[in-house]
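Peer 1: So you can see what is in the structure, the chains are spelled out below.
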Amino acid sequence: MKDGLHQDRAGSTFKALRSLLPVLVILALIALVPLFSPSNRFLSLAISAGINVIALYGLSVLFGQTGILSMGHAALVGVGAYAAAILARDFGVGFWAALPAAALASAAFAMIVGIPSLRVGGHHFVIMTFAFGQLLAIVLTNGGDYTGAATGLDLAGPVTLFGADMSDLTRYYLMVVAFVTAAAVASWAIINSSYGRTLRAIRENEKLAASLGINVGRHKIGAFVVSGVFAGISGVLLAYFLGHISPSQFSSFPSIYLALMVMIGGARLIEGPLAGGILVAFLPEVLNLDPVQSRIVYGVCLIAVIMLLPDGLIGGIVRALRAVLSGKPKQETEQRNAAEARR
Amino acid sequence: MRAVDIFIQQILNGLSIASVITLIAIGVTLIFGLTGIINFAHGEFLMIGGIVTWLAVSAGLGFPLAVVLAILAVGLMGYILERGLFRFTLERPTNGFIVSLGLIVVLQHVVVLFWNPNQKSIPRPLTTVWEVGGVRIASVRVMVIAITIAVVALSFRMITASRYGRALRASVEDRDTAALMGIPVRRYITGVFVLGSALAGLGGALLIALFPITPFTGGTMVMKGFAVALIGGLGNIYGAVAAGLILGIVEGFSAGYGFSQWTDAYSFALMILVLIVRPHGLFGGTSGPRMAS
Amino acid sequence: MSPILAISGLSKQFGGVTALAGVDLTIEEGEILGVVGPNGSGKTTLFNVVTGVHRPSGGTVLFRGHDITGLKPHAISRAGIGYTFQQAMAFAGLGVLENVRIAGEHVGTGGTANPWPTPQALLDFVGLSAVTNEKAGVLPFGSLRLLGLALALATRPSLLLLDEPAAGLNDRETTALVGLVRQLPGHGISVCVIDHDMKLMQMLCRRLAVLDFGSKIADGPTETVLADPKVLEVYLGGDL
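Residue numbers (the working numbering), protein chains in the order written: chain E, 1 to 343; chain P, 1 to 293; chain A, 1 to 240.
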């Protein structure tokens with residue numbers, strides 16, 4: 001029996017590691033891109049995408065694992081960005097010290113939003129996060145000199161690592177790739193921990209989860225706070241990359257785009273956030289669309305993914321591949337249908 | 001102007017804003033009550049109503065005809081979207097919500113694509129301004145309020161007095177039981193979508209009669225509609241009307257007394273507060289049909 | 001023997017409706033108690049109040065001498081009371097093994113010594129070891145019920161409350177379930193079964209308590225209770 005257990009543990013750890021591998025390989029390839037001397041435009045796009053992906057990994061813990069959708073996620077990114085800018089301006093705090101501080105600020109904001117929002121229950125939570133997001137944008141706009149009002153704040157601090165200036169586009173790109181890797185590993189570690197299982201239990205059935213000793217309310221708020229940490233770090237990277245931030249970047253419509261990205265990629269898979277962030281950033285380039293057209297395409301994609309591929313694009317592709325490889329797609333769909341029908 | 005005149009003026013301004021918000025909120029509250037779908041795109045339905053009105057008036061049609069066209073066009077749009085999209089998300093309302101987010105993006109940018117992102121306005125359909133004892137009353141505002149009262153009263157009558165209305169309320173109360181009682185709930189869902197959309201179309205037409213609109217007007221308006229629906233209690237039409245009045249007047253006063261930059265904040269703050277203190281709204285409502293999960 | 005659970009004067013009103021009118025009930029250490037009653041007699045309300053789904057309007061619940069009245073559902077579980085629902089049995093979207101793992105990861109201070117040291121051992125006990133790697137959602141209904149039982153057992157309870165555990169099971173499955181539940185007292189787990197199915201109750205319980213209109217009308221050895229004219233009257237033309 002004991003041996004069986006060890007084997008089982010070792011087996012599942014191996015399986016878990018294997019699920020991380022594709023992401024690591026892709027990220028390693030992405031880190032090699034500067035060797036092909038890409039254009040500055042490409043690097044900028046990639047950096048923006050990477051910064052989004054970091055926040056998306058947090059959102060995937062919240063939505064993919066816990067089943068809670070936040071429509072105010074850009075606000076959490078904004079708290080991180082403004083925290084970095086204000087800390088630099090008023091206290092001379094630099095990039096590295098701003099990271100934990102901003103993560104803490106976003107996490108605290110998540111808790112302040114989360115406690116009342118989650119108390120009012122699933123249906124209303126989404127609207128509450130959206131309202132808090134709008135409210136934050138209004139507060140930032142009316143914050144006078146302290147928040148720079150509608151024009152926002154400038155941030156001109158250098159980013160150095162071991163004495164090297166990271167502000168150079170290629171170096172910043174590599175740093176963002178490193179952060180994305182850290183975010184992916186962190187999110188993978190959460191998914192494969194007992195904490196991740198707890199969150200999934202809540203996603204599947206709150207009542208049953210509570211009957212098994214899980215404090216559902218506390219863990220939901222906890223998941224929101226965890227996603228806030230990811231968002232805060234993403235906000236610092238964004239503020240230092242752009243050198244200027246303004247309220248409109250963090251209002252509710254950027255939040256919709258974040259939700260859209262995680263949904264297009266698929267929130268439950270470790271590849272999802274990466275795929276969603278990259279697709280949404282580069283699709284317009286590839287298809288040569290102007291911003292207006294590309295947004296229409298995103299919207300249509302989102303609707304199509306939800307209606308046709310509920311696991312997201314990557315989830316759908318993985319499922320299709322598995323079906324083709326195992327050669328018995330029919331049985332799987334039948335099983336799925338049977339499971340759906342019972343629900 | 002005397003203080004009391006300004007006061008009355010602000011009430012009138014507030015009421016005309018409240019009218020448009022109430023028209024959205026009724027649709028929001030009915031659709032949510034019946035299907036559990038949080039349709040954020042409802043604000044875009046309103047915006048499309050305004051755009052149709054603008055197109056019709058620009059093409060030389062009169063305002064009344066433009067209003068009818070807006071109602072018909074948006075009602076038809078609601079029918080198509082319900083049949084084509086939302087009907088398939090009934091078992092999973094969260095998916096319906098996500099679909100509505102996609103629709104927001106699509107509808108906004110389709111309008112931008114064809115008619116650019118700039119402000120659009122029509123000449124005021126009524127230009128008379130009455131002076132009653134020092135109070136300046138713009139007739140166009142009175143028109144908006146009057147049309148809304150008439151439409152809301154008509155909807156009330158339909159819902160409270162007719163057989164269909166009773167069946168509808170039973171369905172909002174408990175969809176499954178209503179279906180067991182032989183009420184064709186699916187058809188009612190379509191009907192409510194069309195009615196809600198038509199009201200949003202009307203709201204859009206009235207909105208552009210008051211203010212210029214942009215393709216992005218829907219975003220803030222739908223949040224106000226939801227705020228009102230939530231404050232009133234989701235599924236509760238009376239609550240929606242009462243809450244719409246409260247919000248409109250609060251906003252009117254705020255703008256009239258020099259806090260216009262905070263106007264948009266009230267609905268959100270008020271809504272958050274109400275939900276924390278009284279999760280089922282001030283006037284009570286359903287928490288929506290039980291989730292499929 | 002001291003009672004493991006002592007309910008006294010437990011009442012619950014919904015609006016103006018009285019669902020429980022001051023119920024006294026004890027569950028003895030190591031027994032399998034049956035709580036029966038027709039629909040609307042207050043059985044499910046009793047279950048919901050004890051498990052923390054509803055707050056009682058009055059009365060107390062003592063579990064091994066500690067007051068657990070009005071605790072939240074997760075705290076009840078952590079105190080050492082396991083319970084299963086009629087409807088929500090398992091996490092449909094997750095694997096069978098993962099289901100059991102989750103259930104074993106939130107054992108509170110009230111958890112007892114573990115008769116089943118691994119998830120696999122527990123699945124062996126309930127007879128689901130063959131489907132360890134399946135998704136719970138694809139299991140047949142009878143297996144889902146057994147998985148639900150396994151989840152409750154994984155929280156290492158010293159008292160297990162079962163709400164209509166055999167609903168929807170065929171005769172063979174019911175017999176299997178009865179066989180399992182009967183073994184529980186031997187593993188140090190007292191059981192309380194809430195059901196209106198008299199056949200099941202006769203198979204499982206030596207003692208029965210009968211609820212009607214929110215009050216307890218009988219309590220004693222199964223044969224005595226079943227011969228009680230008051231009970232017969234309640235069940236006249238019913239499930240007996």
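Please keep in mind that the hints were generated in silico from the structure rather than gathered at the bench. Any given hint could be a false lead.
To be verified - Distance condition first, Cα-Cα at most 30 Å in a straight line; then the derived BS3-like pairs of lysine-lysine:
#1 A/K230 to A/K199
#2 A/K72 to E/K15
#3 A/K72 to E/K207
#4 A/K230 to E/K207
Peer 1: For the pair we were handed, A/K72 and E/K207, check the Cα-Cα distance against 30 Å.
Peer 2: Roughly 11 Å separates the two Cα atoms, so the pair holds.
Peer 1: Is the Cα-Cα distance between A/K230 and E/K207 30 Å or less?
Peer 2: At roughly 36 Å apart (the allowed maximum being 30 Å), E/K207 and A/K230 break the hint.
Peer 1: Tell me if the straight-line CA distance from A/K72 to E/K15 falls inside 30 Å.
Peer 2: violated (36 Å)
Peer 1: For the pair supplied as a hint, A/K230 and A/K199, confirm whether the alpha-carbon distance does not exceed 30 Å.
Peer 2: holds (19 Å)
Of the numbered hints stated above, those contradicted by the structure are hints 2, 4, listed in ascending order.
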